[in-house]
Amino acid sequence: MSTPNTRPENRPAGTTRRGAMKTLAAGLGAASLPMWARYTNAQTAEPIKIGFQVHRTGIGAAYGRWYGRTTEAAAKLINEGGGINGRMVEIVAEDDGTDPKRGAEVVEKFANQHGCDIAFGTLFSHVVIGSAPRAGELKMPYFVVSEGHHVASGMLNRYTLQPGITDVKSQVQAMAPYVAQNLGKKVTMVFPDFAFGHDHRDFFTQAIEAQGGEVLAHIAIPPSETSFTKYFPKIPRETEVLYHVMVGPAVLTFVKELGEFFGPSRPEMFGFIDSLEAVAIDSPGLEYLEGTYLWEGNPRHAQADQSEHDKFFRAAVGVNDEGASISDPSDVSTYAHMFGCWETLYVVKAGMEASGYQGTQDRAALIEAVEAMTDMPESRAHPQGAKLFNGKTHQVFGHQYISKVTGGKLLRVHKTSIEDTLYPDETDYTTQSF
Amino acid sequence: MRVIALSGVLVVLTAGTLWAHASEQGFVLLLPTDAYIAAGGATVAVTIVLLALLPGGLAAALFRPVAVLATRGVTLRHLISVLAALGLGVLVWRGLNGSRDPLVNPMPLFVWVVWWIAMVSAQGLICNHWRWSNPWTGPAAMIGRLTGMRAPLRYPRWLGVWPGVVVFPAYAGFLLADPAPADPGRLAVVVGLYWYVTLAGLLVFGPAWMVRAEPLTVLMRAYGRMSLLGRARGRLAIGVPGWKVLCGPKVGLGLAVFILLMLGSGSFDGLNETFWWMGILGINPLEFPGRSAVIVPNLVGLLVANAALIAGFTGCLWLGERIAGGTEPLALVFCRYAPTILPIALAYHIAHYLTSLLVDGQYVLKALNDPLGRGADLLGLADYHVTTGFLNTPGTVKMIWLAQAGTVVAGHVIAILLAHAVAMQHIHSTRRAVLGQAPLALFMVLYTVFGLWLLASPRGA
Chain D
47 MSTPNTRPEN RPAGTTRRGA MKTLAAGLGA ASLPMWARYT NAQTAEPIKI GFQVHRTGIG
107 AAYGRWYGRT TEAAAKLINE GGGINGRMVE IVAEDDGTDP KRGAEVVEKF ANQHGCDIAF
167 GTLFSHVVIG SAPRAGELKM PYFVVSEGHH VASGMLNRYT LQPGITDVKS QVQAMAPYVA
227 QNLGKKVTMV FPDFAFGHDH RDFFTQAIEA QGGEVLAHIA IPPSETSFTK YFPKIPRETE
287 VLYHVMVGPA VLTFVKELGE FFGPSRPEMF GFIDSLEAVA IDSPGLEYLE GTYLWEGNPR
347 HAQADQSEHD KFFRAAVGVN DEGASISDPS DVSTYAHMFG CWETLYVVKA GMEASGYQGT
407 QDRAALIEAV EAMTDMPESR AHPQGAKLFN GKTHQVFGHQ YISKVTGGKL LRVHKTSIED
467 TLYPDETDYT TQSF
Chain G
240 MRVIALSGVL VVLTAGTLWA HASEQGFVLL LPTDAYIAAG GATVAVTIVL LALLPGGLAA
300 ALFRPVAVLA TRGVTLRHLI SVLAALGLGV LVWRGLNGSR DPLVNPMPLF VWVVWWIAMV
360 SAQGLICNHW RWSNPWTGPA AMIGRLTGMR APLRYPRWLG VWPGVVVFPA YAGFLLADPA
420 PADPGRLAVV VGLYWYVTLA GLLVFGPAWM VRAEPLTVLM RAYGRMSLLG RARGRLAIGV
480 PGWKVLCGPK VGLGLAVFIL LMLGSGSFDG LNETFWWMGI LGINPLEFPG RSAVIVPNLV
540 GLLVANAALI AGFTGCLWLG ERIAGGTEPL ALVFCRYAPT ILPIALAYHI AHYLTSLLVD
600 GQYVLKALND PLGRGADLLG LADYHVTTGF LNTPGTVKMI WLAQAGTVVA GHVIAILLAH
660 AVAMQHIHST RRAVLGQAPL ALFMVLYTVF GLWLLASPRG A
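Chains as they are written, first to last, in our numbering: chain D, 47 to 480; chain G, 240 to 700.
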């Protein structure tokens, strides 16, 4: 039985003794308890309740659906492997409507109504920013999967951590060396004129200058714009690389009009997959992206040297080699982001095991255990790649990928080092008291 | 300034329709929708011209029903209604105690997908099933029979449908402006209380309460006038949608206003998701702040949209009367023509919710597969994953969009035909009827264009 997002009736993800034994034998994840204890406790103890703050409705729902499937798959595996500290994991999903105010209410429900041990899974930054203060007040560990720089920037609190997905600052910065060395040093940036676009503008401009490159023009596009032809003449002729991070429903129009404007003699193009998550890259209308480069958080298309961990991850979530649902190949996943839920749950598991987590009284110990983490080797628990966790900033760092659209496929051409993604600490949450 | 760093996504989902209304917007924006909209408006305009040229009785003839079957009234009415009430009771219980996920819990799935989308559409397209499926008349009859009690009070005639007119915007407001209308617990409380209050009203005032003061029944009965099946001369009859509008009972002012509210609220349901509306509110559509942030603007917008529609519609009727040299009171004319916009309201309802139905209908099937959430696999769908792939594929997006647009255009064509037939009932000269209708006809052409524009414009909420 698998539902997309939660165990119905908030029951632990089902498992059988045999299933649990089998997976235990397979040795999934490290456990601090002896086998017999895990086995016996798993059948009797209260479950560990993980409040899943999910964008079921609202603008985040496309992501929410895949975050749900990934979370469900990870929870099922963890339970089949004996749960956490011998207790089953129960995912309690609450819809936040992709709404910051409701986000805070949902965190409150997790704490006061559902008796959750932790809250987890939030993607959209404004919901994270709206919910984190409440999580801090309620002393509820809040594991977000949002990519936002707000965790590492010091804006949030000791109870909020992002150990399963890298932040946008490190992603953007890590692109600069490849762009400068392979595509060109004279860059024009096209971005939507609000915080998301501004982050790209600021982080990338700084990073490309550090590589000896320069941004010739910043072209900010009003968010409500649906036709872009009038902005293209502003792209300087000597542009070698066009950096684009358009988002929203008009992205396809943007690509089409770009094609009409430049024709075959275009500069190199580099963009972020974000706007094309859940859309097949070989869709009619996207032909112009052929030969261009895209950042990917995790390569959507299985690569020739695919790791066994990626293979395992795809099979568990039910995703094929094109990153689409096995049950409907036209249903493309949000592959560049959703691994974050999986990896975060495994970090929570490791943290709870390291701290001997027993109940809500151990929440501070759980956070300290996660803060103490550093290297996370590539494994089934970390199928996207190895990670380095910074306990002071509560932010994880990891490899980034650049893919080139080649024959309608996303072919990985570059994998950054983790060092490329690092930047000086901007905060130290460990100095805050619990 | 808040740092909102995440990633927009092409597949922006609309909150205005409550939930996973996966938007195919990116591909819709690539379609030549301007041409489609022009074609839709032209179709309605051509209908008007044809009506002016063709014999006057044509429209009326078109709506003449065919009696197909002599039937007796179905006697299971109360039994089915009691079962509906019991089913609702189970849903409320599940809403309070079941999964917190609105796409797993059967309470929101039933209310917003099965009832509001499917049952309302079926009421307008097929037959007045609400006579059987409402959860009140059966329990009220049963209580009456068991206690021997009869309604102690008489529903004041002068109140008419006005209580329904007043309460309906509250329903629309809950649908459009409440931050979490799909939250299972919240919805269960609202639905449970509403059921209880309505039952009490029914017991105290008798059936008049249902058909006058209870807005959902008023809405269902109004849409029932649009359905294919009905009764004519004691027999089950079938006709072109709208035939019952022509031969049905006269509509009072309250109901006429109510019908306009149905269209106005439905239209605003689409409007409040558009970039255009976000622009008015000064909200960045790519970082929509959530429903909590737009409660008051959406409530105000709902009221303004309805007021504007009533004013525009009335203005057109007034102008038409002036042109045709009519002498009838405006209120009478208003009551006469208001039902002719029912097909537009119904068409927009169906078109607007089509994508929701396609996506959320899958969640309904999943819920039916395991109705009590105990791991059952009644339909063999345990491993089925809900898909929205067809909304990210250009071919299917085009098909869906054209189906929506076709529905909207068909609704307007029927409305034009109905309005013409109504006019011919009262004005026996085709020329005068056409002249008098010209402003209303123009209104309907513009409304077609507006409806199609709503389907085509980028949405951010």
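Source of the hints: derived by calculation from the structure; they are not laboratory data.
Given the structure is predicted, the values throughout are model-derived calculations rather than measurements.
All C-beta atoms in this analysis are idealised placements derived from N, C-alpha and C, irrespective of residue type, glycine included.
The reader is advised that the hints may include incorrect statements.
[Claimed, not checked] Which bits of chain D does chain G cover? Going by a derived footprint, with three or more residues having C-beta under 8 Å, they are:
{"#": "1", "segment": "288-296"}
{"#": "2", "segment": "363-373"}
[To be verified] Taking lysine-lysine and the BS3-like style, the derived pairs with C-alpha atoms no more than 30 Å apart in a straight line are:
{"#": "3", "chain 1": "D", "residue 1": "Lys-450", "chain 2": "D", "residue 2": "Lys-357"}
{"#": "4", "chain 1": "D", "residue 1": "Lys-302", "chain 2": "G", "residue 2": "Lys-637"}
{"#": "5", "chain 1": "G", "residue 1": "Lys-489", "chain 2": "D", "residue 2": "Lys-276"}
{"#": "6", "chain 1": "D", "residue 1": "Lys-302", "chain 2": "D", "residue 2": "Lys-280"}
{"#": "7", "chain 1": "D", "residue 1": "Lys-455", "chain 2": "G", "residue 2": "Lys-637"}
{"#": "8", "chain 1": "D", "residue 1": "Lys-450", "chain 2": "G", "residue 2": "Lys-637"}
[As the list claims (entries may be wrong)] From chain G, some residues computed to sit far from chain D (all C-beta separations above 12 Å):
{"#": "9", "residue": "Leu-297"}
{"#": "10", "residue": "Val-353"}
{"#": "11", "residue": "Trp-354"}
{"#": "12", "residue": "Leu-525"}
{"#": "13", "residue": "Ala-546"}
{"#": "14", "residue": "Gly-551"}
{"#": "15", "residue": "Leu-674"}
{"#": "16", "residue": "Arg-698"}
State the violated hints by number, sorted upward, taking the hints as numbered earlier in the document. 5, 12 and 16
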